[in-house]
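> Generate coordinates for the entire structure from the input sequences, incorporating the hints supplied.
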Amino acid sequence: MWARALPPVELVERPAGPLGGSADVSCDQHEGFYFLTSQEHLLVFDPEYDDDGQISGDLDGYLFPDHHMTSPPEAGQVVGGRYLVESDGRLLMVKRFISPGRGTVSFQVFTLEWETSDPHWESSAAVVTGKLLFIGRGCSRAIQTGRSVPGFIYFLDDAEGFPDVQSIVRTEKQYRCSDAGWFRCSPQYIEKSWPQGPRPDCSPWIWLYH
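Using the numbering used here, read the sequence shown as starting at 30 and increasing by one per residue.
Errors might be hidden in some of the hints.
[Stated by the list, open to error] Ranges between beta-carbon positions, derived for each pair:
hint, residue 1, residue 2, range
1, Arg176, Ile84, 37 to 43 Å
2, His149, Ser215, 18 to 24 Å
3, Leu237, Glu144, 41 to 47 Å
4, Arg119, Pro76, 29 to 35 Å
5, Tyr218, Gly130, 18 to 24 Å
6, Arg119, Asp79, 29 to 35 Å
Note that these hints are calculated values from the structure, not bench results.
Beta carbons: idealized from backbone N, C-alpha and C, even for Gly.
This is the structure:
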């Protein structure tokens, strides 16, 4: 059974402000934690540990003033989630689009272009070629297949982590875990034929890598 290894951690909510509220978080073992906001800006926290084991560090915000959030591919769709994925040293943002009554219908992938005078998110479907992206809030990962084949995105039903879409896609028990499956990037195709397990009553599903 699971046993507690660390004491409880107090969660401090950061006001949305001009950066927007938190949408996802990704950890880089060399550079700390990246937080993607609902306005598609970035917060970067670089932790430092003192001799007593206390954690401190700098929290830097990166705004992209000329960035315009893309609209859903079709009328009536909304953004159901934004995910950060580190792939080959690059930071990707995966946007998930949902439609009332249908759940997840498509995805878009963007690459963060740092090495320019105007850092920005750039739409880049080709960046996932030969890759499998497993996305989930705070647990996304990219895996290289070694083959030049269309990219695939595997997704879980975690929309309840995004309050702005609850009223659109949730009509039953909170963690129904039915909007999960895989998405082929080119040509676009989505499949949701995964076996349905018991509905959890504590949290949505996450990816566990081993």
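> Now look at each hint and say whether the structure bears it out.
Verification of the hints:
Between Arg176 and Ile84 the beta carbon distance is about 41 Å. The supplied range of 37 to 43 Å therefore holds. The hinted window of 18 to 24 Å between His149 and Ser215 holds, with their beta carbons roughly 23 Å apart. One distance hint, 41 to 47 Å for the beta-carbon pair Leu237 and Glu144, is violated here, with the actual separation near 34 Å. Between Arg119 and Pro76 the beta carbons are some 22 Å apart, a value that contradicts the proposed interval 29 to 35 Å.
Taking 18 to 24 Å as the suggested C-beta distance range, the pair Tyr218 and Gly130 conforms, at roughly 19 Å. Taking 29 to 35 Å as the suggested C-beta distance range, the pair Arg119 and Asp79 conforms, at roughly 32 Å.
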